[in-house]
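Participant: Sequence:
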Amino acid sequence: MAEDQVDRFFEVLADPTRRQVVQLLGEGPRRAGQLAAATGASSPAMSRHLKLLLAAGLIADERVPDDARVRLFRLNPEPVVAVQAWLDQVQAHWRDQLTSFQRHVEQRAAGRTAADDSTRGSSDD
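Be aware that the sequence shown starts at 1, since it is given in the working numbering, and climbs by one per residue.
Be careful, since some hints might not be right.
With a straight-line cut-off of 20 Å between C-alpha atoms, the simulated EDC-like cross-links for lysine to aspartate or glutamate are [what the hints assert, rightly or not]: (1) K51 - D7; (2) K51 - E11; (3) K51 - D88.
Quick list of simulated restraints, FRET-style, between CB atoms [stated by the list, open to error]: (4) D7 - R48: 17 to 23 Å; (5) S47 - Q91: 33 to 39 Å; (6) R48 - P77: 21 to 27 Å.
Simulated from the structure, these hints should not be mistaken for lab results. By construction, the Cβ of each residue, glycine as well, lies at the ideal position given by its N, Cα and C atoms.
Work out the full structure, taking the sequences as your base and the hints as a guide.
Facilitator: Okay, here's the thing in structure tokens:
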């Protein structure tokens, strides 16, 4: 995932209402009015939130076949999967760094123990 896509993902989800919308859509598709009622947002505010989520590709909308006026919004899993892959890479990097640091600390500790043992051994003579 490109860094600007990751930035956009987190920028859009910085707003708690948009995070709540994503969480609600994770349970299943909903109409804008249902999302507004569930989040306590006004219809115009929800419209702005949905527009940003659509532009970022986090959600998709579709028209109901029986009534073209009704739009259903659903979660688009691809950006979430892509960010998870990015987070997995970050986690792997830090795991490698911490493992390397742990080896370094253990080697230094082992070196001190060996030095302490040799110092004690020479003073006993």
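Participant: Work down the list of hints and note, for each, if the structure agrees.
Facilitator: Verification of the hints:
1. K51 - D7: 17 Å, holds
2. K51 - E11: Distance ~14 Å between K51 and E11 Cα, so the pair holds.
3. K51 - D88: 29 Å, violated
4. D7 - R48: 17 to 23 Å: 20 Å, holds
5. S47 - Q91: 33 to 39 Å: 36 Å, holds
6. R48 - P77: 21 to 27 Å: 23 Å, holds
Of the numbered hints given earlier, the model fails hint 3 alone.
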